[in-house]
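**Q** Turn these sequences into a full structure, and let the hints guide you.
Residues 249 to 319 in this note's numbering are what the sequence shown lists, from first letter to last.
Accuracy of the hints is not assured; some may be wrong.
Unchecked claim - Okay, the calculated beta carbon distance ranges per label pair:
#  : residue 1 : residue 2 : range
1  : F311      : I272      : 17 to 25 Å
2  : G315      : L277      : 16 to 24 Å
3  : L263      : L287      : 25 to 33 Å
4  : V302      : A278      : 15 to 23 Å
5  : K252      : R283      : 20 to 28 Å
6  : K316      : L280      : 33 to 41 Å
7  : L264      : I301      : 17 to 25 Å
8  : F311      : M275      : 22 to 30 Å
9  : V295      : L264      : 17 to 25 Å
10 : I271      : V291      : 18 to 26 Å
11 : V291      : K316      : 14 to 22 Å
Stated by the list, open to error - In the BS3-like style, the derived pairs of lysine-lysine whose C-alpha atoms are separated by at most 30 Å in a straight line are:
#  : residue 1 : residue 2
12 : K252      : K316
13 : K255      : K308
14 : K308      : K252
Treat the hints as calculated values from the structure; they're not laboratory data. For glycine and all other residues, C-beta sits at the position ideal for the given N, C-alpha and C.
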Amino acid sequence: MNLKTRKRLSLLILLLGLPGYLIIAWMLLAWLYDRFGDLPMLVELLVVVVLGIVWIMPFKRIFTGIGKDEG
249 MNLKTRKRLS LLILLLGLPG YLIIAWMLLA WLYDRFGDLP MLVELLVVVV LGIVWIMPFK
309 RIFTGIGKDE G
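**A** As structure tokens, this is what we get:
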């Protein structure tokens, strides 16, 4: 896949995938609050970080080298 295509695809992923990730993370944290009450801040941080890593890992090859010059 050439750089121009990867740049366009990465922009699409960020415009659609990032809000989707945020909604899913928010819903999961709301469910955890309902189930367990107030969570410690470190648990919340851990949930968000793990979800962020799980979300971005499939797209690692697309985002690699996006900031490089085409020359």
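**Q** Looking at the structure, which of the earlier hints fail to hold?
**A** Hints 2, 5, 11 are the ones this structure does not satisfy, whereas the remaining hints hold.
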